[in-house]
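Undergrad: Sequence:
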Amino acid sequence: MKLKNYFELRLLAQIKQLLKILESLYITYMFFCAILPEPVEDIYRNLQKKSNQNKDRKKKSCFKQN
Numbered sequence: 001m002k003l004k005n006y007f008e009l010r011l012l013a014q015i016k017q018l019l020k021i022l023e024s025l026y027i028t029y030m031f032f033c034a035i036l037p038e039p040v041e042d043i044y045r046n047l048q049k050k051s052n053q054n055k056d057r058k059k060k061s062c063f064k065q066n
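If you're matching positions, the sequence shown starts at 1 in full-length UniProt numbering and goes up one per residue.
It should be emphasised that the hints constitute simulated quantities derived from the structure, not laboratory data.
Where hints are given, some of them may not hold.
[To be verified] Lysine-lysine pairs mimicking DSBU-like chemistry, simulated, CA-CA at most 35 Å apart: (1) K55 - K16; (2) K2 - K16; (3) K4 - K16; (4) K20 - K4; (5) K49 - K20; (6) K20 - K2.
[Claimed, not checked] With beta-carbon atoms standing in for the labels, derived distance ranges: (7) E23 - L3: 24 to 32 Å; (8) Y29 - K4: 34 to 42 Å; (9) R57 - C33: 25 to 33 Å; (10) Y44 - L18: 17 to 25 Å.
Values in this document were obtained by computation on a predicted structure and should not be read as measured data.
Glycine residues also receive a C-beta, built at the ideal position from the N, C-alpha and C atoms.
Hey, can you work out the whole structure from these sequences and the hints?
TA: Written as structure tokens, this is what we have:
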């Protein structure tokens, strides 16, 4: 019984810690959403496009060499 309570208390402590981390991440996300000129999703989407374009260029250059 004591062992079960111990594990339940440890689990609750870990959940509380996780909630604090999630809250901190949410606050950080809201901060960046407020200060950036465009939504974070747009910035991420643009970075993904650039990354994909660079990958495509590398693939094309590999094909040209062969």
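Undergrad: Compare the structure with each hint and give your call.
TA: Each hint tested on the structure:
no., hint, in the structure
1, K55 - K16, "violated, 41 Å"
2, K2 - K16, "holds, 21 Å"
3, K4 - K16, "holds, 18 Å"
4, K20 - K4, "holds, 24 Å"
5, K49 - K20, "holds, 33 Å"
6, K20 - K2, "holds, 27 Å"
7, E23 - L3: 24 to 32 Å, "holds, 31 Å"
8, Y29 - K4: 34 to 42 Å, "holds, 37 Å"
9, R57 - C33: 25 to 33 Å, "holds, 31 Å"
10, Y44 - L18: 17 to 25 Å, "holds, 24 Å"
The earlier numbered hint that this structure contradicts is number 1, and it is the only one.
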